[in-house]
Structures are given as structure tokens and as C-alpha cells.
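Visitor: For reference, the chains in residue letters:
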Amino acid sequence: METPIRSSTTGKITGKPEAVIEIEHLCKRFGENVVLNDFNLKVYENENLVVLGKSGSGKSVLIKCIIGLLKPDSGKIIVLGKNIPELDHEDLDKIRTKIGFLFQGNALYDSMTVRENLEFSLRRQWIRLPQTEVDAMVKEALDNVGLPHTVDMMPAELSGGMLKRVALARTLILKPEIILYDEPTTGLDPVTAREIDNLILSLQKKYHTASIIISHDMNCVKNTADRVVLLLDGKCYMEGTYQELEDATDENIKQFFE
Amino acid sequence: MDSIDKIHWAFTDRILEFFKETGHVMRFTGHFFSLGLKPRFEVKELLTQCYLIGYKSLPLIGLTGFIMGLVLTMQLRPSLISYGVESELPVMVGIAIVREIGPVITALIFAGKIGSSIGAELGSMKVTEQIDAMEVSGTNPFKYLVATRVLASTLMLPILTILSDAISLFGAYIGVNIRSVTSIRLFYTQVFDSLSFGDLTPAVIKTFFFGFAVGIVGCYKGYNSSKGTRGVGSSANTAVVLASVLIFIIDLLAVQLTDVLGLN
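Sequences listed follow chains A and B, in order. Under our numbering, the letters of the first sequence match residues 1 to 258, in that order. Under our numbering, the letters of the second sequence match residues 1001 to 1264, in that order.
Among the hints, erroneous ones may be present.
[Unchecked claim] Below 27 Å or equal to it, Euclidean Cα-Cα: the simulated DSSO-like pairs (lysine-lysine) are:
1. A:Lys-175 - B:Lys-1143
2. B:Lys-1143 - A:Lys-54
3. B:Lys-1227 - A:Lys-71
4. A:Lys-82 - B:Lys-1143
5. A:Lys-235 - A:Lys-206
6. A:Lys-94 - B:Lys-1038
7. A:Lys-71 - A:Lys-222
8. B:Lys-1227 - A:Lys-64
9. B:Lys-1006 - A:Lys-64
10. B:Lys-1038 - A:Lys-82
11. A:Lys-222 - A:Lys-42
12. A:Lys-94 - B:Lys-1227
13. B:Lys-1038 - A:Lys-71
14. A:Lys-71 - B:Lys-1044
15. A:Lys-71 - B:Lys-1020
16. A:Lys-98 - B:Lys-1143
Simulated from the structure, these hints should not be mistaken for laboratory data.
This is chain A alone, in the form it adopts within the complex (with noise of 0.2 Å):
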């Protein structure tokens, strides 16, 4: 396997390691609206790629295509060498593992406390993993996110930035090979978004993660982007480094960096 190359200043990719998910011509439509409409991407390992675009432009459906929650309509998604639409269920249950998605609401499991949370899917995979070493996970989890304090919290009892922090470790616990991040900073003050970009770059420089970003936030996409594309019509309609499409003179990238 090629080993991704990193700039020794920025710590970002400048080369092109091995695809971890390859999605080629996907179409989703829902009734007349179509909002995925031959759709092209390669998301390399070790790569944070962001993909921008306006509300309501299908960013959130095409993660949710490469998870499996939704089903396109044609085209395929290949993640980790698996064509996801394929799959039987048993099958994406495995690959899912493998695969971290942080909700845009957070999704936490609000009958249960943090650690709960946090323990909910390894006991469901590692059934028979001792107490101690789930105990060791979780508060892993936790210090990854700066909040071992919260175990035994409910999520009801944490601020907005707590909760995305606590979703982001419940995310990490499975150590996914991909994070999928749903509008990361969207609803928090610019203090905890940039909280939360920080932590989304420490987390990708300590565990090798491949993600894809989904925000319309520019601050987020500046800082944790080494790859940006532009969603746009259902289609890729640019590809590039985050200053390449600040630079560019197109109308349709220019309204995003006004």
C-alpha cells in the first residue's frame, strides 16, 4: 500500500495515497428532485476532504449513500474495496464498523449516560471484551475529546459543544478507518467550532483517519480542508485545494468566499 506523503510544514497531503472510497456517476433523486445526478469522487487515505455547498444541495445525502442509509438510484460506492449498494445487511453492518459518521444533531442516545453511549456499539461488537479494557476505550474516547470528566453525565446536562465532542468519541471508540462528519460546526459559537476543527485535524494526525467533511462553514473548510470540493447541481463542479478555489473567478465558488 503507498504511503501518503505529508508537506513537513503544513502536515497536509501533497500526494495521492490509495482510494479509500471511490463513488463513480451516483444518481440519487427523491420524486422529481434530483439531487445526486452522476456524481464522481475519489476520497484518498489520510485525507480530509471537504465537500462545500449551499443547503439543500445533497451534501448530507451522499454521506449518508456511503454509509448505507440511503439507497442511490444507480452508480456505484465503493468503500474500503466494497460496493456498498450491494451489500446485504450483515455485510454493511461489518463494513460500518470500519466507517465513523458524526450526526449534524449528534444523535446521542439520550436515555443513557456518556459512557453508555460510548460502550452501546463495542459491546454490540466485541461481546465478549473484558470491563476493564471497555473502561480503558472509553476513557480514551474521552481524553481524545478533552471531556473524561462527562462519563457519567447525561447528554442532557452538556452544552452543544460538549455534545459534539462526546458524539465525535463515541464516533472514534470503534477506531473507524473513515469519519464521515455531518456539518461538524454547524449551531456552534466561532470559539468551540474552531475547538472542533482542531480536534477533527489532532484526531486525523493521531489515528491516520480518511474524512469527508460536509460544511458550508468557511472557517472549517479553511481549516481542516486538504481537499475541497464543490457540490453544485448534483454534480462535482470543482476540485481543489482551498485556496484554489478562493482564486477562482467563477461566480458560483466566488458567492462562497464572500
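Chain A is fixed; fit chain B onto it per the hints.
Guide: What follows is chain B alone, placed relative to chain A:
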């Protein structure tokens, strides 16, 4: 003519909607049997649900059962006095409670408490993407949330009905003693002498179906909830209404069946 057309189409739409909804419920029930009963079983969650659905419903079911027995006795007494058969009051009340009123009233109370609770809980989990979160973590939410709740409702309602019947009979005993004096021994002897195996068995068997109906409808409505918080409220509400209607339909079928089988 226009308004007649409108009424006609609205009526047709409602009928089509009804059949569509029925189809969806049938498919959901099919999923329960094909997917929900396959290993690996969520035993811990099933026991938790049995505790929440069964044990936590006991005070309400007990209280309503007691009042039901008491009120039924007080209402029946004048009619029986007018026919000069007041002494048959324990027999009458016993048969009524065990065969019909106990199972149906308990199931309706159960539908109100558990059907709405399941509908609202799953509905709220659906609109806050908690069900999706479960799915992406590699857990089958249908097995974890639906199968456990439906099984717990199916298993707990018969137990609650038996307990409710017992408490109702005690309420009836109190009711009998308000206007006259009857020993507890005589009361229960009269009640049990009048009851046979054929009275008790169909009454208990049908409560499994009542419990299943409450569980599956609550889960179906909650699991397919949409339109935000209004959708959650609507899920809880329709779960209770639909489950209550189904309880009466199942009861009607059960009575017909026991009649055909000669168990009456």
C-alpha cells in the same frame, strides 16, 4: 358536481391510504418475524423492556383493576336484586371479569400507557437520528428496539391481565361487602366454582395477541415517525387509537373462534 367529485376523490384517497398503511404494517410485522426473531437476541434489552413495560405498569393496572371490580359489582347489584338473584353477584362478576372485562380493559389501559410510550420514544429517536446512529454503529435497530419491545409487550400483558383479574376480584369482594356481608371464602368459592378451564384459557390466550398488537403498532408508528415534534405526538396518538381498535377486532375474532370451537 365539482364538490361531489372532490368528496369522491377525498374518499377514494382515504381508502387507498388505509390499504397502503395496512400494507406497510403487514410488511413491518413480516420484518418482525423474519428479522426480529433471528439470533443474536438482545436479551439484556428484552429484560429491561419487560421490567419497564410489565413491572412499571403494575400500579396503574392494579388500581384500574380494583376500581373496575368495585364499580362493576356496585352497578350489577340493583339489576340482580330486581331479579331476586343477588346471591349470584360473585358468579356474575367473576365470569364477566375473567372472560371479557379484565382482558379488554387491561389491554386498553396497556395500549394507552405502553402504546403511546413506545410510539413517542421511537418517534423521538427517529426524528433526532438516534435510530440512524444505531444503524451506522453496526447495530440492527429493528432487533434492538422493535423486537425487544414487541416481545416484552406480548409476554407482559397476559401476566398483567392475570394480576389485574385477581385485583379486580378483590375489588368485587369489597363491592359485595359494601351492602351485604359475605365472607372472603364464600365469595371466592362461588367465583371459582362458576369458572371453568374454557373460561380462563381463551381469555389468557387472546391477551398475547392484544400485547402483540400494542407492541407492533407502537413500534410501527414510532419507527416511521416524521415531521419533527408534531410527528412524534401524532405517532403516540395514532399508536393508541390504532392499538385500541385492533384490541376490539381481535376480541371479536377471539369470541367468534371460541364459539366455533365450542369453548364458550
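Visitor: Now tell me, hint by hint, if it's right for this structure.
Guide: How the hints compare with the structure:
The suggested pairing of Lys-175 of chain A with Lys-1143 of chain B holds, with an alpha-carbon distance near 24 Å, which does not exceed 27 Å. A hinted pair counts as satisfied when its Cα atoms are at most 27 Å apart, and Lys-1143 of chain B with Lys-54 of chain A does not qualify at roughly 37 Å. Using a Cα cut-off of 27 Å, the hinted pair Lys-1227 of chain B and Lys-71 of chain A holds, with the two alpha carbons roughly 21 Å apart. In summary, the hint linking Lys-82 of chain A to Lys-1143 of chain B is supported, as the alpha carbons are separated by about 25 Å, within the 27 Å threshold.
Taken as a hint, the Lys-235 of chain A and Lys-206 of chain A pair is broken in the structure, with Cα atoms around 32 Å apart against an allowance of 27 Å. With a C-alpha separation of about 17 Å, the suggested pair Lys-94 of chain A and Lys-1038 of chain B falls inside the 27 Å cut-off, and the hint holds. A C-alpha spacing of about 31 Å is found between Lys-71 of chain A and Lys-222 of chain A, which places the hinted pair above 27 Å, so the restraint is violated. Of the pairs offered as hints, the one joining Lys-1227 of chain B and Lys-64 of chain A holds, with about 19 Å between alpha carbons and a cut-off of 27 Å not exceeded.
Only pairs whose Cα atoms come within 27 Å are accepted, and Lys-1006 of chain B paired with Lys-64 of chain A is rejected, the gap being roughly 40 Å. The hinted pair formed by Lys-1038 of chain B and Lys-82 of chain A meets the criterion: a straight-line CA distance of about 25 Å does not exceed 27 Å. A C-alpha spacing of about 20 Å is found between Lys-222 of chain A and Lys-42 of chain A, which places the hinted pair at or below 27 Å, so the restraint holds. With a CA separation close to 31 Å, the supplied pair Lys-94 of chain A and Lys-1227 of chain B exceeds the 27 Å bound.
Taking the CA atoms of Lys-1038 of chain B and Lys-71 of chain A, the gap is about 24 Å. The hint holds against a cut of 27 Å. Between Lys-71 of chain A and Lys-1044 of chain B the alpha-carbon distance is near 32 Å, which puts this suggested pair outside the 27 Å criterion. A hinted pair counts as satisfied when its Cα atoms are at most 27 Å apart, and Lys-71 of chain A with Lys-1020 of chain B qualifies at roughly 22 Å. For the hint linking Lys-98 of chain A to Lys-1143 of chain B, the alpha-carbon distance of about 21 Å falls within 27 Å, and the restraint holds.
Of the numbered hints listed earlier, those contradicted by the structure are 2, 5, 7, 9, 12, 14.
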